[in-house]
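Residue numbers (the UniProt record's numbering): 1 to 157.
Incorrect hints may appear among the rest.
To be verified - Computed Cβ-Cβ distance ranges for the label pairs, DEER-style:
| id | residue 1 | residue 2 | range |
| --- | --- | --- | --- |
| 1 | Pro70 | Thr156 | 28 to 38 angstroms |
| 2 | Val35 | Thr73 | 18 to 28 angstroms |
| 3 | Ile14 | Gly116 | 41 to 51 angstroms |
| 4 | Leu83 | Thr156 | 35 to 45 angstroms |
| 5 | Pro118 | Thr77 | 34 to 44 angstroms |
| 6 | Val119 | Ile74 | 31 to 41 angstroms |
| 7 | Val34 | Arg82 | 20 to 30 angstroms |
| 8 | Ala151 | Pro45 | 17 to 27 angstroms |
| 9 | Pro70 | Ala114 | 16 to 26 angstroms |
Stated by the list, open to error - Derived EDC-like pairs (lysine to aspartate or glutamate); straight-line CA-CA distance at most 16 angstroms:
| id | residue 1 | residue 2 |
| --- | --- | --- |
| 10 | Lys96 | Asp15 |
| 11 | Lys67 | Glu90 |
| 12 | Lys67 | Asp15 |
Derived from the structure by calculation, the hints contain no laboratory data.
We treat Cβ as the ideally placed atom computed from N, Cα and C, and that holds for glycine.
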Amino acid sequence: MSTPDTRTTTPTTIDQVDVRGPRFAAWITTAVLVVVLLLTTFSVPAAAILLGLQAIVFGIGAVRGPKHSPYGTIFATFVAPRLSPTSEREPVAPLKFAQLVGFVFAAVGVLGFALGAPVVGTVAAGFALFAAFLNAAFAVCLGCMIYPLAARLRTTA
1 MSTPDTRTTT PTTIDQVDVR GPRFAAWITT AVLVVVLLLT TFSVPAAAIL LGLQAIVFGI
61 GAVRGPKHSP YGTIFATFVA PRLSPTSERE PVAPLKFAQL VGFVFAAVGV LGFALGAPVV
121 GTVAAGFALF AAFLNAAFAV CLGCMIYPLA ARLRTTA
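Starting from the given sequences, assemble the full structure and let the hints guide the process.
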């Protein structure tokens, strides 16, 4: 006598977000990184502190996802309710990876500033700014474009 199979199969759902949220976050990130670069001409310690705060934002986004990052929370609370319903969504996993890449650049920048290598800090912040601006202005997410390669490498390792 066989026992009935009580398992149910449900289709896998991919966590997705409104595309306007990550672009909003990219605009804020762009502004923060512009200020970081401007600060390097006046006060490297201030630039390091602001870049450190941005690194924390990147880290939260990498771990918790765009909906639960500080900029994502601002978007969901103050901006999204004023917009029409979204017609376009994107998966969360590539966005989390992009935040991880941003975190790495910001962390390298903070270390550069902290260890007396302001050129390293400035270049790292500049690369992060370039990526954030591409996403904000042109909807080109470099981290998202690299994600499939990183995911493929991770599954083969």
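Outcome of the hint check:
no., hint, in the structure
1, Pro70 / Thr156: 28 to 38 angstroms, "34 angstroms, holds"
2, Val35 / Thr73: 18 to 28 angstroms, "21 angstroms, holds"
3, Ile14 / Gly116: 41 to 51 angstroms, "44 angstroms, holds"
4, Leu83 / Thr156: 35 to 45 angstroms, "40 angstroms, holds"
5, Pro118 / Thr77: 34 to 44 angstroms, "36 angstroms, holds"
6, Val119 / Ile74: 31 to 41 angstroms, "32 angstroms, holds"
7, Val34 / Arg82: 20 to 30 angstroms, "25 angstroms, holds"
8, Ala151 / Pro45: 17 to 27 angstroms, "38 angstroms, violated"
9, Pro70 / Ala114: 16 to 26 angstroms, "23 angstroms, holds"
10, Lys96 / Asp15, "11 angstroms, holds"
11, Lys67 / Glu90, "12 angstroms, holds"
12, Lys67 / Asp15, "10 angstroms, holds"
Hint 8 from the earlier list is the only one contradicted by this structure; the remaining hints agree with it.
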